[in-house]
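Read left to right, the sequence shown gives residues -21 to -1, 1 to 132 (mature numbering (1 follows the signal peptide of the UniProt record, and there is no 0)).
One or more hints might be untrue.
Unchecked claim - Pair by pair, the computed Cβ-Cβ distance ranges are:
id, residue 1, residue 2, range
1, Gln16, Arg96, 42 to 48 Å
2, Arg101, Gln131, 30 to 36 Å
3, Thr13, Thr46, 54 to 60 Å
4, Thr13, Ser117, 20 to 26 Å
5, Gln103, Gln79, 34 to 40 Å
6, Ala94, Ser117, 32 to 38 Å
In short, the hints are calculated from the structure, not lab data.
Predicted model, so just to flag it, every value in this text is computed and none were measured.
Cβ atoms here follow ideal geometry from the backbone N, Cα and C, with glycine treated the same way.
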Amino acid sequence: MKILSFTLSAFVLLASSGALAATVVPLKGQTSQTIQQDTSACQSQANAQFPIQNTVPYGGRIKGATTAAIAGATAAEVRGRQHENVYDHIDDDIKQDYRQNHARSAATAGAMIGASRQRQERRQDLKSTEQNITANNSVYSSCLQQRGYNVQP
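Start from the sequences, fold in the hints, and give me the full structure.
Now the structure itself:
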């Protein structure tokens, strides 16, 4: 009965700490306080070696759209200045509409490119996070096994 309560308390502690759900069975009659200290120390060691961060890249569409809109407006202005003799005689509202149309078109393309880059970053971050979780759990399990526990996934 004692082992069951220790195992249960260790399982609850593991689930609340964000580690991979594992069953920890004390093999040397450790007390619940010792189990908590050992699991906490091992989790700290694992997190120090392989920190698990859930970062999610965001803002890719906005960054892409903003950058491309500025580039599009600038390119439209440069194209217009290449024909200065005509460009100087055109109404300022028409010039502004011309720059805005190019900025809008470029912003649409930039948003698509930014979204694509953001998805790629998310895939890379997910792969890295999965590798860190696996390594973190391995360090955690090894630490507990060295302290006299049987760790079952």
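Structure-based check of each hint:
no.	hint	result
1	Gln16 <-> Arg96: 42 to 48 Å	holds, 45 Å
2	Arg101 <-> Gln131: 30 to 36 Å	holds, 32 Å
3	Thr13 <-> Thr46: 54 to 60 Å	holds, 56 Å
4	Thr13 <-> Ser117: 20 to 26 Å	holds, 22 Å
5	Gln103 <-> Gln79: 34 to 40 Å	holds, 35 Å
6	Ala94 <-> Ser117: 32 to 38 Å	holds, 35 Å
In this structure, none of the earlier numbered hints is contradicted; all agree with it.
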